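Chain residues, written in single-letter form:
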Amino acid sequence: MLMLEMKGVRKTFNPGTVNEKVALDGVDLALEKGDFATIVGSNGAGKSTLFNAITGGFIADEGCIILGGEDITFTPEFKRSKVIGHLFQDPLKGTAPNMTIEENLALAYLRAGTAQRAYFSRISRKDKELFRERLALLGMGLEDRMKQPVGLLSGGQRQALTLLMATLVTPKLLLLDEHTAALDPATADKVLELTKSIVAEQGITCLMVTHNMRQALDLGNRTLMMNGGRIVFDVQGEERSKMTVDDLLERFRQRAGEELDNDRILLSKVEGA
Amino acid sequence: MLASIFSLNVLQSALELGCIYGLVALALFLSYSILNIADLSTDGCFTLGCAVCCQVAVTGHPVLALFAAMAAGILSGFITAFLQTRLGVESIMAGIIVNTGLYTINLAVMGFSSNMSLVKVDTVFSLGKNLLAFAGSWYQLILAVVVIAIAGALMVWFLGTRLGLSIRATGDNAAMVRASSIDPAYTIMVGLCISGSLTALSGALLAQYQKSCDINVGTGMVTIALASLIIGETLLGKRSMVLRVGGVVFGSCLYRFIVAVALRFNVPAAAMKLVSALIVAVAISMPAIRQKIAFEKRKQEARLRHAKTHGKKEAV
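For the record, the sequence lines run as chains A and B.
Residue 7 in the working numbering sits at position 7 of the first sequence; the count goes up by one each step and never skips.
Residue 5 in the working numbering sits at position 5 of the second sequence; the count goes up by one each step and never skips.
Hints listed in this document are in silico derivations from the structure and should not be mistaken for laboratory results.
Computed from a predicted structure; not experimentally measured.
Do not rely on the hints blindly, as some may be mistaken.
[Stated by the list, open to error] Here are the computed lysine-lysine pairs in the BS3-like style, where the Cα-Cα straight-line distance is at most 25 Å: (1) A:K128 / B:K238; (2) A:K147 / B:K238; (3) A:K93 / B:K238.
Start from the sequences, fold in the hints, and give me the full structure.
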C-alpha cells in the first residue's frame, strides 16, 4: 500500500525576480507503507524544501501530494501535522522551552483524536502515566523531571523528547531533517538508536535527510539522491545492499554531472576513510 | 509625617485601585507575557469597557453592565486578532488601528459626549455596600478582591487546560505549535478575546468605582499595566503559574501604592503621567540595572584579586 505519493511537485521561490529559484523541479516520489528512505544531496538540492512541501510550510505551485490515500495538496500545515511528524536539525525548534516536559508532551498528545475535542480538560493522571512510561524508554531519566521546563534540558535530551513527541501518536509519516547533525557524536548515536527502534516498533513510514553517506546506505531500506530540485537517483533492495560509499559518490557524479559539493558530506567521507 | 503617608486610608485605596487595574495587568500578562504579542489596543479597549458600562448601568443594571463591557472587550480583541491572523496586519499595527477606531466608537457609546456620570444610578459598589454592611468601609476592597481573585484563579486554571497550553506554546514556540496540529491563528484569537474582556472589565469596574467615565480614562493604560506586570515578575519571579499571576496583581497594587505616596507628597495631578512614566521606566530597566551592578561588582573583585596576586594595578 502506498503511504506517500508525490506527482510532479514544483515550487519556485520569488518568481519573476532576480532571486528566482526553482526549488522543486517536478518531484515524483512514492513511498510504500513502512518504507524508511534516506535522502542525500548537495546544499540547496531541495531536501528541506521537499520536506516543507510535504508538511505544508508552503503550497506547491504544481503537482499533487497524497498521504495515506488522502489528497493533502491544499491542506493547511496545522492539519497535516496531525499525521506527520517533523524533526529539524535545530533541537530547539521542536519544543516549547518555557513549558514543562509534561506540558510539551500534552501538546503533542493533542494529535490523538479524543484529546483534541476536550479543550478545557487538564492533563489527567492517565496521561501522566503514559508520558512517564514513554519517557522511561528514552533511558535519559527524563521521567523523573516531568515538572521541569524543557529549556533546562541539553540539546540531545530535547531532540530525544521531540522524537518522542512526534511519535507519541503514531504518525503516518515521519520526516527527519538531519535531526542528529547538531548533536555531539555520542548523543547523536543515542538519538539515532532511539529513532531506529521507535520507527521499527511502530512501523512508521519515514524519510530522513542525512549528510553521512555511510548512514544513508546503512539506515532504512531505500536511498534517494536529490539534485537541482529533483530526485536523481533512487536505490533499494539488493543493488543498495551491495553499494559502497564510493559507488554512491560516483553515481552522484554521473547523475548530476558535478561533484557533490556538500562540505559536510566531504568531511564525513574523510572521517570515514 | 511618615505615619500620614502610610496611613490605612492610603493603603486601602491603593489596594482597591490595584485590584481593579490588576485586571488590565492580567490581560497584558496573557497577551504580552504568554502570547508574546504587544497589543496596543489596550487603551481604547479600557475606555470601551468604561463607556459601555456607564451606558448600560444608566439604562439597565450595574451587574449587567459588567458583562456587557466584557462582551464589548471580546469584540475588540476579536477584531485585533482578526486583523493580524487573517488579514496579515502586523500585530503592533493591528492594535494601533483598533485603538484609533475605538476612540470614535467610545465617543459614540457615550452619546458623543466626552464624559458620563454614574452619580445618580446604582453601581455594583453601592449595591455591595448594603450587601456587605458588616464590612463597614471595606466593602469596596472586598468586592475588588473577589473579582480579581476569581479572574486570577480562572486564569491559572485556564492556562493548565489543553487550550491554555496551546496558547502558551503559541507564544513560546510558534513553529512547534503548528507541528502539534494546533492552529496558531485560533489560539491567538482566543487569547486576545480573553485579554480584551479582562481589559474592558477593568474599565467597567473603574467606571463604577469612580462613578464616571471620561474619553481619556484609558490613556497610558498599556504602559501602566506593563509596569505592574514587570514589577510583579521582577519581585516574585516566574517559578510557577500561581506565583506569576499573583505577582501581576501584587505588582499592580504596589504600583498604585507608589502613585498614592507620590500624590501624598503633593505632586500636582497634571504631573502624574510623568510620575507614571518614570515608575514604568525604572521598573522595566530594573533587571538590566541589577545585571550591570552585579557585573561591575565582579569586575571590581577580580581587579582587587589581580592586584593582590601581582602587586600592581591592572591597566584598564
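Is the hinted pair K93 (chain A) and K238 (chain B) satisfied, with a Cα-Cα distance of at most 25 Å? holds, 22 Å
Would you mind confirming whether the straight-line C-alpha gap from K128 (chain A) to K238 (chain B) stays at or under 25 Å? holds, 23 Å
Check whether the Cα positions of K147 (chain A) and K238 (chain B) lie no farther apart than 25 Å. holds, 14 Å
Of the numbered hints given earlier, the model fails none.
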